[in-house]
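Novice: Residues per chain are reported as follows:
Protein chains: 2
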Amino acid sequence: MATDIKTYLGEKRALVDTFLNDYFSRKAEPALLSEAMNYSLSAGGKRIRPVLCLASFEVCGGDSSFIVPYAAAIEFVHTYSLIHDDLPAMDDDDLRRGKPTNHKVYGEAVAILAGDALLTEAFSILAEPTKILAPESRLRAIAELASASGMRGMVAGQVQDMLSENAEPDENTLRFIHRHKTAALLSASVRIGAILGQADPGRMNALAGYGENIGLAFQVVDDILDVTGDTSVIGKPKGSDERKKKLTYPRLFGIERSRAIAEEMIIAARDALKDFGPEADPLRGIASYLLSRSH
Amino acid sequence: MATDIKTYLGEKRALVDTFLNDYFSRKAEPALLSEAMNYSLSAGGKRIRPVLCLASFEVCGGDSSFIVPYAAAIEFVHTYSLIHDDLPAMDDDDLRRGKPTNHKVYGEAVAILAGDALLTEAFSILAEPTKILAPESRLRAIAELASASGMRGMVAGQVQDMLSENAEPDENTLRFIHRHKTAALLSASVRIGAILGQADPGRMNALAGYGENIGLAFQVVDDILDVTGDTSVIGKPKGSDERKKKLTYPRLFGIERSRAIAEEMIIAARDALKDFGPEADPLRGIASYLLSRSH
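Protein sequence lines, in the order shown, are assigned to chains A and B. 860 is the number of the first residue of the first sequence in our numbering; add one for each residue after it. 860 is the number of the first residue of the second sequence in our numbering; add one for each residue after it.
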């Protein structure tokens, strides 16, 4: 199983990476802007959001190679959020995925604009004319992505995260931050796959339940890795949450209890898939793979 | 006519303002984020982009009160672009529409995020479920808005604008900046009205021609006002383009020649409407009103 899921992740990631490479082979002026956008997009990462979207689409019986652009659009949104998060006015990080952050290479102004353009381009891709998917599904996917990313989603989490630095640890606030800042886009990735796959209400509910739990677990594991991981694996110096006095699961509950929380969420995620057959094995495998990273 | 168009602009602006006020009466956490978004959205402005969208929709025979949210979504995009433009890393402006800029009030981090959330929310509004408009039209409107705002539109213009500060004046670069930074979103406003109004190809072409010319004229007039206007009218200290060594029409051609260029564009805009009857009077009036500001 462990090998299978790694193969699956590698294959889907390659599909997404090919799309992203092709996208930036089209010329756009000024070249500096595309270069800055592509710099952060091509800096790697596991493409876990697009892969979740593709795997969820497959549960609905679709051939996921048709929706690679839509899945990749989610990575545009994720990458914009990383570029803006790293800015001096925000987390002021110099390293991301082991490489200098966007503003370190291109300066703050271009980094802000590259982020803006990546966010905009995601919607451009989702709205592009195609005959493959029903217009209603694509509109719902756009609504889902915008809702997960905006003032009631990711951006809300980011603002609350900033407001909570140096604040008294508080479980409700921690949950709010995680639910919005990270889990919203991850679970939207699963739901967008289900929407594009025209899932019936039962399937949609099950996949949404999986998405919510995997989204929450992801951030808990990330918090744990920031304490226990090594720089080469996490792509940035470990202990950076601690230095910034970020509100995290390990800070509030300690490492052992945080691992137990992540495990509960992963069990809940896998449990949400219980009525599916082998078509949901990739989603199950992603859940187990995620948990294995925290140990 | 002059009185008529002012009444029209006032009425449509009131519709847009009512929608925007209502939008932010819905509670969202953290309150600071909505407050920062609303601060810049409610700072005023003529709402010229939404009004162009409504007026263009009316040329296609529609009752524009139905599409106020979609027109207002364009103002979200415009406002986000102003907030980001004003940032210290960009134009570093302290005043906008006569009030302190967003980052002066809320700090840089919140200003960046408020801009991000406004951009995202625009797509949320356009994708929201409704039975009024055909899904195909709304997808086309989203594609139009994203294309006009992103790496092949407004953001491209903004990057080129920055790259051209202190550079040798060059007409092609000036045209590129204006076409992308300002004209793209203005002409998209007209085209989105036509798309939502399901304009036939002939109407669409005529309206697109109007939009392109009005978009270009708008920036020329703005450049002129930066030299000749007074602070109370333009909402920022005059001469700021000159101080920043921005590439502008007056810098390249002088005031008189710039006025003549604006006039040619306005004539071309009105000319594009020649086959329409009185239903296009508001668009004609907006063109003439715009030109009158440059004198």
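One or more hints might be untrue.
Which copy is meant is left open, because identical chains are indistinguishable; a pair holds if it fits in one copy or across any two.
[Stated by the list, open to error] Restricting the straight-line Cα-Cα distance to at most 35 angstroms, the calculated cross-link-like pairs of lysine-lysine (DSBU-like) are:
{"#": "1", "residue 1": "K1103", "residue 2": "K886"}
{"#": "2", "residue 1": "K886", "residue 2": "K1105"}
{"#": "3", "residue 1": "K990", "residue 2": "K1103"}
{"#": "4", "residue 1": "K990", "residue 2": "K1097"}
{"#": "5", "residue 1": "K1133", "residue 2": "K963"}
These are computed hints drawn from the structure, not numbers from a lab. Fair warning: this is a prediction, and the values are worked out from it, not measured in the lab.
Novice: Is the C-alpha distance from K1103 to K886 at most 35 angstroms within one copy, between copies, in both cases, or in neither?
Specialist: between (40 angstroms within a copy, 29 angstroms between copies)
Novice: Could you place K990 and K1097 in one of the four classes (within, between, both, neither) given a Cα distance threshold of 35 angstroms?
Specialist: Neither: 46 angstroms inside a chain and 51 angstroms across chains, both beyond 35 angstroms.
Novice: I want to check one pair: K990 and K1103. Are their C-alpha atoms no more than 35 angstroms apart within a copy, between two copies, both, or neither?
Specialist: neither (48 angstroms within a copy, 48 angstroms between copies)
Novice: From the Cα coordinates, with 35 angstroms as the cut-off, is the pair K1133 and K963 best called within, between, both, or neither?
Specialist: neither (46 angstroms within a copy, 52 angstroms between copies)
Novice: If the cutoff is 35 angstroms on CA atoms, where do K886 and K1105 land: within, between, both or neither? Let me know, please.
Specialist: Cα proximity of K886 and K1105: across copies only (26 angstroms, versus 40 angstroms in one copy).
Of the hints listed earlier, those the structure fails to meet are numbers 3, 4 and 5, in rising order.
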